[in-house]
Amino acid sequence: MNALRATFAIARREMRPYWLYSVGARILLGAALGTLDTFRFGQGLIVMMILAVPLGVVAGLEPRIRDLTYFIAPLYGRQLARAYAVTAATAAFALPCAFLVANILSVRVLADSAIYHDIGFSWTSIDQSRGAPLQVPTEWLVAGVALAMTVASVIASLVGLSATLRRGLARTTYVALACLSGYFSFLIIAATAFDVPFLLGAFAAALLLGFLALRAFGETLARYDPVPY
Amino acid sequence: MTPILRVSDAHFVRDGVELIAPFSLTLEDGQRAALTQPTPNAAKIAARIAAAIVKPTCGSVFISDFDTRLQPPQAKRLVGFVPADGFEGSTRTFARELKFRAQVWNLELATLERSAADVLAALEDLKLEYARTVALALAPDVHLIVLECARYGVVERIATLRPNAAIFASSATNAPTTHPPVIEFAVTVT
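Protein chains in written order, with our numbering: chain A, 1 to 229; chain B, 1 to 190.
Derived from the structure by calculation, the hints contain no laboratory data. None of the hints are false.
Selected chain B positions facing chain A (Cβ under 7 Å, derived; list incomplete):
| # | residue |
| --- | --- |
| 1 | Ile53 |
| 2 | Val54 |
| 3 | Phe100 |
| 4 | Val104 |
Just so it is clear, CB atoms sit at the ideal spot from N, CA and C, and this is done for glycine as well.
With the rest of the complex left out, here is chain A (with noise of 0.2 Å):
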């Protein structure tokens, strides 16, 4: 209860002003690129494709680790690890989310004229158990990426954090590692996506790198020594 409370307390002291215009820009994005999507499909959601794995790494970044206030508490590496992550996925959260509520609202709100319909079901696959094409919709389609990227997102963030730590070309590899991990979680869920079982398997893979990555990032702030330079 003790730990919980003291993670809390820390992801809320990290929530401060300025995290939250960078959540407000990454949701007026998001809702930009979402409605925009309803226009002209791919418009909103290639550029939502690209940006949210470098945005979730920023995400990752953006915590003040080095705060002297954190290192005098009576805490664990992991415990300030949870809560640097509960910040940087909310963060993380914002764009591909904001996305998705943006394009299914302006998708309801334009009914007919939304240029979802007029693509209509084109996106098929073949269920390979019964030989028979899988139909997807537009919308599920758009709705799938922005989950898988949300995902992607989070575990860029999770792994950009470990970044935070360090400096010079360590830093700069970090976040290599940050976009190279979250637009791989991205390719395992979107290469597996019509089939649940793999589906399943592609999201507990990209959550155990997430995972691993916290870990390893907690590991990293129980060793760290905040010396002044």
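Following the hints, position chain B against chain A.
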């Protein structure tokens, strides 16, 4: 009785440069010690080693029975750490900081606020920013108070406020002469 602070041959090396030469000391409740370092950074590191914030490269530091390398949260719970920089922020920010500490330290907010108010009232002639930093450190019930780059006269004031707590202060020899680090060496530091 277990000493509240036991430092044995602790030293700190970074990038192959020895920033803190090995030092040892033992402090019991109510005792005071000061450690002078050649630079403010070294003084800060020494204080952070004694407060379980930084792990020494070699040697050991025990706060009560807790090894700061293995049980830092338990050790930190007994320490009130006074950073060199003052608390910059409004009264509202200070109140929010107290609330934050009550949640993280798992203490009752009302007790913490009352304790901080008492310390602030006793240190009203100090600069408000620094008095707030001291109040934050002393608000929980601590057994060891560690001052990073201690300011002139503060150790004596804290000793009056918390006579039973042990005090460890670090200072730098090249500190500004307007605030000379004149601190009583109650315990021999080797």
